[in-house]
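> Using this note's numbering, the first residue of the sequence shown is number 1, and each one after it goes up by one.
Treat the hints as calculated values from the structure; they're not laboratory data.
There may be inaccurate statements among the hints.
What the hints assert, rightly or not - Derived lysine-lysine pairs resembling DSS-like cross-links, with alpha carbons at most 30 Å apart:
1. K46 - K226
2. K278 - K158
3. K9 - K331
4. K331 - K158
5. K113 - K331
6. K158 - K283
7. K283 - K331
Said to hold, decoys possible - If you anchor each label on the Cβ, the simulated ranges turn out as follows:
8. S242 - K279: 39 to 49 Å
9. F374 - S160: 50 to 60 Å
10. S11 - I298: 46 to 56 Å
11. I216 - F301: 44 to 54 Å
12. N3 - F167: 22 to 32 Å
13. F301 - V270: 18 to 28 Å
14. L31 - F301: 26 to 36 Å
15. F281 - I87: 20 to 30 Å
16. S160 - I87: 31 to 41 Å
For each residue, glycine too, the CB sits at the ideal point set by N, CA and C.
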Amino acid sequence: MQNSNQNRKRSRILLISIVLMSTYYCLFYFLRDQQFDSNSYVSGVKLLFNLDGGEDIQSRVSKPLSLILPGALHLFFGLKIATGFLIQNALCFCALMFLIYNTFLLLFNDEVKANYALWIYFTLPPIAIFSMFVLTDITGWVFILIPFYILLRSRNQKWSPLTLYVFLGFIVGLGGLFKESSFAGGILVFFYILFSEETRKVRVWYILIFASTTFIFLLIGMLFTKSYDAQSLLSRQLSLFSKHGLSMAYSLENISQIYRVFDLFWIPLVIGVIRAFKKGFKKWDQIMLFSSFSILLILPFVHANAVHDRILMMVAPFLLYFCIQGFFTDKRINTVIICLFALLNISGAFMIYRFDAQNILIGNLTIGIGVYVFFSIFKPNQIS
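Turn these sequences into a full structure, and let the hints guide you.
Next up, the structure:
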């Protein structure tokens, strides 16, 4: 019976992922020709596989693992490189959906909240817009979740700390060879160790074990990039920082980009943070909050030329933790809110990119706040 239930859950999640990725692919197809980063990934594959037209643009070869599958599909099956990236992203989309559900199921031990996490995360605008583009961001989002899931799963496993942190360093380092945003998972591991109940000496030892394992992969990536006479990720970021400093990264224009990560789901997110503060921040509250703020503070130093919603998506799994805690106790009310906010998020993103309807954000936010106020007034006993 238990296996049957598990199979039904897996089938349901797989079906949802197929429906959503197909919807997003069709809905935002018109943006594909406007995505200038796509050509740099195709050029990176050509350079990696020694094909005509190969060129190192934006240090794509410094993250070679995300280029292997599209290149292999092109060489062995004759598929277009862009098609290979879409296949890779589709696989990552499904994997990410399973990771989100199972991670938050372990975190809250509550299937309802795990479902909330799944639907909220996969109706965030950056997921809807960019997940099925010829980009590799979604590979990074997958590798952010893997350490998160492993940390939670390890609580029920008899792993030694040494084995755990070497393995986590391996995962984070490997993820860095797919996409640099994977290191957000490393920040989570850092704060998990920092807020553990071990002595200071032991915590420092664990951090060194984890960091040194991760560094090995950074070194491999740099040596690999050098073998292609390409620009390393580090040298690219240093050149961008020397050119732009913090002027672009800390521009007030980026506030709208931060908002665009969650859009209407900022409402329950803020409420969730306030509730956590009132109850007194517990271990996971601290880990999630410090991880999120650290990423937002560090990001301008390592990505000085642009801070936009698809880059900021790396904080989404950690802030999602608070978002789930900002809802009501009545499942029906929460279902209405999540469905409404999801619909407004996706339709709003479409209207903005298709018709440049920037003012729609204000209208949607007004509706969202109004809905929350309505349920808070007329259903006060349902406030969790």
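> Taking the hints in turn, state whether each one holds.
A quick look at each hint next to the structure:
Pair hint K46 plus K226 holds up; C-alpha atoms about 17 Å apart against a cutoff of 30 Å. Distance restraint check for K278 and K158: the Cα-Cα separation of roughly 35 Å exceeds the 30 Å cut-off, and the hinted pair is therefore not satisfied. A hinted pair counts as satisfied when its Cα atoms are at most 30 Å apart, and K9 with K331 qualifies at roughly 19 Å. At most 30 Å may separate the alpha-carbon atoms for a hinted pair to count; K331 and K158 exceed this at roughly 36 Å.
Distance restraint check for K113 and K331: the Cα-Cα separation of roughly 10 Å lies within the 30 Å cut-off, and the hinted pair is therefore satisfied. Among the hinted pairs, K158 with K283 is consistent with the structure: their alpha-carbon atoms are about 21 Å apart, no more than 30 Å. For a cut-off of 30 Å, the pair hint linking K283 to K331 stands: about 27 Å separates their Cα positions. Checked against the given bound of 39 to 49 Å, the beta carbons of S242 and K279, roughly 45 Å apart, stay inside it.
The hint said 50 to 60 Å for the Cβ distance between F374 and S160, and at roughly 52 Å that hint holds. Look at S11 against I298: about 40 Å separates their beta carbons, and that is not inside 46 to 56 Å. Hint check: I216 to F301, Cβ distance near 23 Å, so the stated range 44 to 54 Å is violated. The hinted range of 22 to 32 Å is satisfied by N3 and F167, whose Cβ atoms lie roughly 28 Å apart.
A beta carbon spacing of about 26 Å between F301 and V270 agrees with the range 18 to 28 Å that was offered as a hint. Between L31 and F301 the beta carbons are some 29 Å apart, a value that agrees with the proposed interval 26 to 36 Å. Restraint check, F281 to I87: a C-beta distance of roughly 42 Å breaks the suggested window 20 to 30 Å. As the Cβ distance of S160 to I87 is approximately 38 Å, the hint placing it in 31 to 41 Å holds.
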